[in-house]
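Asker: Read off the chains here:
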Amino acid sequence: MNWKYLARRIGIAISTIFFVLLLTYILFEYSPLKPIDYLLNQLGLVPTQGGGLVASRGSLLSGTLSQQQYEQIVAYLETFLPHGNPVINVLKYIYNILRGNWGISLIYIEPVTLLIGSALPWTLFVVATANILNFFIGVYLGQLMAYNRGKKLDQVLTQFITVKRAIPVYIYAALFLMFFGFYLRIVPTSGAYGVNVTPGLNLPFILSVLHHAAMPIFTLFFATFGGWALAMRGNVISQLGEDYVTYAEARGLPSSYIRSRYVGRNAILPLYTSLIISIGFSFAGSVFVEQTFAYPGVGSLYVSSLTNSDWLLAMGILFIIVVAIAVGMIVADLTYSLIDPRVRVG
Amino acid sequence: MKTASIKRNFSLIWRSLPARFGLLVIIAYVVMAAVGPVLLPYKPVSFPNQSEILLPPQPWPPSMWLGTDMTGEGILVDIVNGAPFVLEVSFLAGLFTTLIGLAVGVVAGYLGRYVDAVLMWITDTLLTIPSLLLVVIIATMIKTENPLVLAGILSITGWTGLARAVRSQVLAIKNLPYIEAARVLGLGTGYILFREILPPLMPYIWINLILNVEGAIYAAVGLYYLGLLPFKNYDWGAMINFALQLGAVYGTNAVWYLLFPVLFISLYMVALMELAYGIEEIVNPRLRR
Numbered sequence: 001m002n003w004k005y006l007a008r009r010i011g012i013a014i015s016t017i018f019f020v021l022l023l024t025y026i027l028f029e030y031s032p033l034k035p036i037d038y039l040l041n042q043l044g045l046v047p048t049q050g051g052g053l054v055a056s057r058g059s060l061l062s063g064t065l066s067q068q069q070y071e072q073i074v075a076y077l078e079t080f081l082p083h084g085n086p087v088i089n090v091l092k093y094i095y096n097i098l099r100g101n102w103g104i105s106l107i108y109i110e111p112v113t114l115l116i117g118s119a120l121p122w123t124l125f126v127v128a129t130a131n132i133l134n135f136f137i138g139v140y141l142g143q144l145m146a147y148n149r150g151k152k153l154d155q156v157l158t159q160f161i162t163v164k165r166a167i168p169v170y171i172y173a174a175l176f177l178m179f180f181g182f183y184l185r186i187v188p189t190s191g192a193y194g195v196n197v198t199p200g201l202n203l204p205f206i207l208s209v210l211h212h213a214a215m216p217i218f219t220l221f222f223a224t225f226g227g228w229a230l231a232m233r234g235n236v237i238s239q240l241g242e243d244y245v246t247y248a249e250a251r252g253l254p255s256s257y258i259r260s261r262y263v264g265r266n267a268i269l270p271l272y273t274s275l276i277i278s279i280g281f282s283f284a285g286s287v288f289v290e291q292t293f294a295y296p297g298v299g300s301l302y303v304s305s306l307t308n309s310d311w312l313l314a315m316g317i318l319f320i321i322v323v324a325i326a327v328g329m330i331v332a333d334l335t336y337s338l339i340d341p342r343v344r345v346g
Numbered sequence: 001m002k003t004a005s006i007k008r009n010f011s012l013i014w015r016s017l018p019a020r021f022g023l024l025v026i027i028a029y030v031v032m033a034a035v036g037p038v039l040l041p042y043k044p045v046s047f048p049n050q051s052e053i054l055l056p057p058q059p060w061p062p063s064m065w066l067g068t069d070m071t072g073e074g075i076l077v078d079i080v081n082g083a084p085f086v087l088e089v090s091f092l093a094g095l096f097t098t099l100i101g102l103a104v105g106v107v108a109g110y111l112g113r114y115v116d117a118v119l120m121w122i123t124d125t126l127l128t129i130p131s132l133l134l135v136v137i138i139a140t141m142i143k144t145e146n147p148l149v150l151a152g153i154l155s156i157t158g159w160t161g162l163a164r165a166v167r168s169q170v171l172a173i174k175n176l177p178y179i180e181a182a183r184v185l186g187l188g189t190g191y192i193l194f195r196e197i198l199p200p201l202m203p204y205i206w207i208n209l210i211l212n213v214e215g216a217i218y219a220a221v222g223l224y225y226l227g228l229l230p231f232k233n234y235d236w237g238a239m240i241n242f243a244l245q246l247g248a249v250y251g252t253n254a255v256w257y258l259l260f261p262v263l264f265i266s267l268y269m270v271a272l273m274e275l276a277y278g279i280e281e282i283v284n285p286r287l288r289r
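Note that the protein sequences, when read in sequence, are chains P and S. So that you can map any letter, position 93 of the first sequence is 93 in UniProt numbering, and since no number is skipped, the others follow by simple counting. So that you can map any letter, position 118 of the second sequence is 118 in UniProt numbering, and since no number is skipped, the others follow by simple counting.
The following block holds chain S by itself, in its conformation from the complex (with noise of 0.2 Å):
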């Protein structure tokens, strides 16, 4: 039964052109960051060779096949070293994202009154303030360097759209006669909640979570990106910085280095929300073609 739905499910996402795309780069980028650390591990130069710096891309070693930043390391080596990095945070930051707009949105919903009244006033508060600034101050002024907490201080303020329309689902199917006649059964509210309400939500969600995902990338780069927080060579954001520092130094010879993480970047992001658009192309018969 499990295994049934969830091929059902994986077959109506491969024919979907958009989803069968996100899919197959975020597989890609998955294996990338797994293994791709220990196929070219990391290993900083001291004292870079001035005719190995900034290199165009070679066909030899594989790990000069994107050309070299300015120690003299492959970009290709770089990248695949930062990719852990990036894959976690933005996962994580999309987990916790969602699970909160989930909590909070059948918590106000279900209960209502009072605690309904007090989440809501949270969330427009929320809703008022620009995320991106406020994550920034946050993440400099704590100056982490741990996944974790990078992810938590990343979903403080994006949950607040999913927790609306998770209440307002909740809000609309609660008092439905079928959700009357669990009740008069006595089953438990647990199981009203993820049986019966949450179900039709789940599409939803996972949209949701895999915006949030994209979400979370955009910050997490853009703080690196300008240098606020403690960075490695290999970090994305940091990698595109030196470009631009070295592109105005050097010029012509920088551009590899600009140029690959910002596909690497651009390509991950597209893909999740191609993925995205594609789901929701198959849960939303308007859009099915």
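Chain P with its partners taken away, still in its complex shape (with noise of 0.2 Å):
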């Protein structure tokens, strides 16, 4: 084991971490958006162009307010806000994010971690199961592809994912919820399971949740479909040059046999590194899905809070991924000598 990359790995983990958040810290002291407005929209209170607010129908207060009352408001507000040396509060913010304490969301009036922990179970579902029927599709197609290059099949097949993958995830997303959820109704349209079920382990509530993670998970591994073969394709093709497939070959193994056992094996060994990191990075695709599907996942709450100006939830939603992709990129290097012993020997 390598401990000095170890150390630089955990090493760069911390620094990311630390990083997001002394960034959105910063962003969240001094974006020109404030929390405020949100509050004030509640109200029946809608900001106009010249910066003043006029009330909206069926308001609260009545009549409107000029600029001059609205930063009167605003002023008044910021005084609940903690104030004073800004080194002080990013740090009293990160001993408090360290402790658990996230804040308490604007929109929802809920802790940020409740928020988190109901809604990171749905994404993790379809972020997971998109990410494993995608590399093993592709592992498969990989194989195939090498074993057939330069044919039709090989050729036909890169064309077609190298066209398929300039394309971005939220197209797809656009095309697939217009026609198969607006038109032909075989899909539901939001929600992650249906409403006359009882959450729970009846098998009409898993029948539905499946029903409506059908779509989210199907656009996703659509969107990242490909990678995995191409890169399979290449380590395939590499390894056929070697010379154990010759001496294999020569003894007069089944080739069935040499394929799954000697070539396949080794092919595969450097793609498990990076299976972990892509399914960290694959949430960021998973937010375009949910908020289109309208599937109650952190992508979806993500882009909820950033339209309502609800800057701690948001910032929790990117703490936990950024964590979760640190760690897992550190299992990877961890685990990786597991399965293969040349790392543990070199």
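Worth flagging that the hints you see were computed from the coordinates, not collected in a lab. Keep in mind it's a predicted model, so treat the numbers as computed, not measured. Careful: at least some of the hints might be erroneous.
[Claimed, not checked] Derived pair list, reagent style DMTMM-like, types lysine to aspartate or glutamate, alpha-carbon separation capped at 25 Å:
1. S/K143 / P/E78
2. P/K164 / S/E280
3. S/K232 / S/D116
4. P/K34 / S/E145
5. P/K152 / S/E280
6. P/K151 / S/E281
7. P/K164 / S/E281
[As the list claims (entries may be wrong)] A short, non-exhaustive set of chain S residues, derived as facing chain P with CB atoms under 10 Å:
8. M64
9. M141
10. K143
Backbone N, C-alpha and C fix where the C-beta goes; we use that ideal spot for every residue, glycine too.
If you follow the hints, you should be able to join the two separate chains into one complex; please do so.
Answerer: As structure tokens, this is what we get:
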């Protein structure tokens, strides 16, 4: 085990987490968008072009507020926020985050940790399923392409994947929602389960969950599909040139045995680390998918917190995802030596 | 000499089918962004006429070729007016990203020691952060409509890959005998960098620039798709977002309003990808057929 390398990885993980905390806190402190606008909006006051406020229909308050009055209200409400030395504030914020106090969401009036905790399982379900499906199908296709390299099948698949990967995930999400959700009406267009089922371990609930998750999972799967196939194709081709393959063939081993036991194993190894990392990174794609299909995961929570200037919630979500990726990378490095004996020795 | 090499490169690109396709499409988009808004100016409609919204494509007038949007304005008008912003932001962000990556890679590789260690630490830190989530939160909190600022935000994390590649290339080249010879001859650091070390990297840098432009569109259109930036009716991402909301209400009528922005974004991104692929095919002999 290379301890120096591991120490560096852990150091980078820590610096990443602190960088994100610091950056989001600075943005939070100096953002021109004020969470107060959301509160005033709830009272029925809508900001106008000039900077003042107008009472919307059905508002509790009547009349309009001038720019001056608006600034007075903002100044008054600002006194509730902690002020003083920003360096001390950011340290306090980091200290509280580490203690588990992530603040209270402005729009849901609930602790940020609680909100994230209830949304995270849905996202993990979608992201993990899509990635694992993708990995196995990609590995299979990659082998197929490598053994048929230069032939029609390989060329068509490579060209298809190149074009498909150029198009962003939200385009697929929009198209699938429009056609499968609004036109064909074969998939639900929002939510994680139907309204007439009771959550728990019963068949209707599980079926409803699967039905609602089918489209988000398929979209994420389709959008990220192909990367593994291309990587596997390259690895298999480079392994085929190795001497041990020639030797195995000379020994008269059946070619299917060589493919699965010799070439396949060696070609999959380098993909292992990137599998863990890519699961972390597909949270970003999940934001678009969840938002489009109104799926109640972390991604749509992130978007709704950003639209309503609910900064503490947004910062909490970014923080948890960054921590997950940083920890995942360390775990990937640590466990890689378990599956590849060469690393343990070398 | 200079024009001859440009001509030679161009004819190489022209010979590759994917690269030719990509180049032609991108030129068409630049022309569209340049002359489109002049030919088809955007006139906001304050009170949309119910009989004019979400019409299917019609042969005449030209603004109706792709049908109409939810305010009764032609979809083609929306698309050509939204094009300059998408092109500006994506080209600027691609340029910034490439320049930062190049600068960091060259400095880290050439100076080495502590500078290298610090720069690579920063690179690895940024590589661990999911860039899209970071870009989304920064762009929303800063809330900008300025293409220059938005491009700057989009290029915060994208440069890491190029920086690593350039650094390792510089490290590999800088102790080769011909660089030593250049040093002995008393040539300046700048000359050695730009005349001796960087030229072999140029094709790779070009490919990286194109891929960075592609990545910037993904994030820039995505921000409008999520409705996180103050948008106008003709922003491409916002159009898809509107179309989905209308699709839930009107059903089939909204299909053109969804399909055309989707088509224009996808074609642009596929063209960039094919151009990059074509250039790679030209410079990488193993891919040449």
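Asker: Please flag the earlier hints that this structure goes against, numbers listed from lowest up.
Answerer: 3, 8
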